[in-house]
Amino acid sequence: MNSKTEIAAQDMFTETAVGKQNRYIENIVKIFFFIMTCLMILPLLLIIGYLIYKALPVLSFDFLLSNPQDNMRAGGIWAPFLGTIYVVVVSLLAAAPIGVFAAVYLNEYARDSWFTRIVNLAVVNLAGVPSIVHALFGLGAFVLFAGFGESILAASLTLAVMTLPVIIASTTEALKAVPMSFREACWNLGATRWQTIRRIVLPNSISGILTGVILQVSRAAGETAPIMFTGAVFYKPIAEGDIFAYNIFDQCMALSLHLYTISTQVPDVAEGIPYGTAIVLVGSVLLVNAAAIVLRVYLRTRKKW
Amino acid sequence: MDTNNFSIETENLSLWYGDFQALIDVSVNIPTGKITSLIGPSGCGKTTLLRCFNRVNERYGNVKTKGEIKILGKNIYDSDVSLLELRKTVGMVFQRPNPLPISVYENILFGLRIHSPFRSLNRTQTDEIVEEALTSVFLWDDLKDKLKTRATSLQLEQQQKLCIARLLPLKPQVILMDEPCSALDSKGTLAVEELMSVLAGSYTFLIVTHNMAQAKRVSDECIYMFLGELIEHRETQALFETPEHEKTADYVQMRYG
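If you read the sequences in order, they're chains W and F.
Counting in my numbering, the first sequence runs from 1 upward without gaps.
Counting in my numbering, the second sequence runs from 306 upward without gaps.
Each hint can be trusted.
Distance ranges between label pairs, derived from CB positions:
no., chain 1, residue 1, chain 2, residue 2, range
1, F, N427, W, G241, 47 to 57 angstroms
2, W, L136, F, E390, 51 to 61 angstroms
3, F, N427, W, A291, 35 to 45 angstroms
4, W, D112, F, G378, 31 to 41 angstroms
5, F, D383, W, L136, 50 to 60 angstroms
6, W, D112, F, D385, 28 to 38 angstroms
7, F, K453, W, Y50, 49 to 59 angstroms
8, F, K453, W, L56, 49 to 59 angstroms
Quick caveat, the hints were computed from the structure, so don't treat them as lab data.
Glycine included, each C-beta is placed from N, C-alpha and C at the ideal position.
Work out the full structure: start from the sequences and follow the hints.
In structure tokens:
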């Protein structure tokens, strides 16, 4: 009797044919997914590795801080580099407050009505508009109608319109991550919506909001089409090393457009220069993204519930 | 009867969420300084009724009400009623403890701070208020060295007591509780019930509960609701022992869910 149950128990836990097959499939699937994950990182590593390898001969502080020379066949990228910074910063200064406060209104104040539904629909659709269409809109609205001319301001505002829906979406996401119960607690103590937002909702969503905004830097910096018609130019030398060299009503150079022109429009450019330009563009974007991650981690450590 | 004996009175109160009628002609008087429990199956309007009394329902979107609600004899739909003041007087405790993600100290002071002019509270005052509030919920000894810790990291029982303590500095008259013990273990439940018994008298309690034993233990009066209607409202013992209405009898004798 005793030995019989022992044998039965042994049998019970030995692997059956089906079990073996399941284990095989499990392993294969796991390895497959792992390979897919690696494939995702691979292009990034290859691109950056290749760019650095090709750009190495020209990369130096001098490259960053001097203007293009000799019809852009030599020299550095100071004018486009600073131009990109101007355009990105001004566009974020315009888009971030509008986007964040609009999202706060939509999420914290507005009730479900025809108005909010239209706004939400507009946000979704605006996000899907191709950038070249934004460029045409910017040309009509800011360059011509508002009379800013082709300028940093017009280009920035065009980029702002383009990034706005994404900022609204990411801010909404961050606000929704704050549990409803906190709001209920505040309301039931007689807090106004603003007191609730100011004291509880914003402090607990600010990391998400800021990350969402900062991630738009990379989009704004990389876009060529929206700024091409609205403010970015082929060639415009500025005072080297002077960070106040542009006025926002000036036209400017920009890294993305510069990369396009020297790769396609100018013959006989030294090979390293386009790669150097690309690496500066990618590098600054990655740097900003890294800063966003650090900021998020820092703000997260201060929030626990 | 003299109005002063009732903290909450409603007259033919009906409420709709969009097209769905959640409350149907509810008329009820809640006695001052006692504990009244609201029982009934899920989704029959208990929480909705509770939320009417500080008008926080209106923050949840498409809500329409009809009828009259008087708190302390005052119609809360009168145009001179400030919602923010109303919510000070009528506090709410929730099913899941919801302390704010700030320190224990600031949780207690939160209500007071939002109702006081900026920087009008000095440190000695606030220290006193916090000690008093925590003492009344028997938390002072446990938490006096943890005033700076985040309230969200406390044990659930402490969190729920803190949520009650958080109301006290605002000197509420009525405390509404929406299944305040359902997230707590039996020890926590007893502790919160004991606390309610001690505080009753100074405050009027209205408590929604699914736990009939709890309703029997803590409440002086008991209301049975079913599908948005008030079926029966009597002294707790009478309601449980000799229910007048057949639906009430079915429910309290567990013949229903």
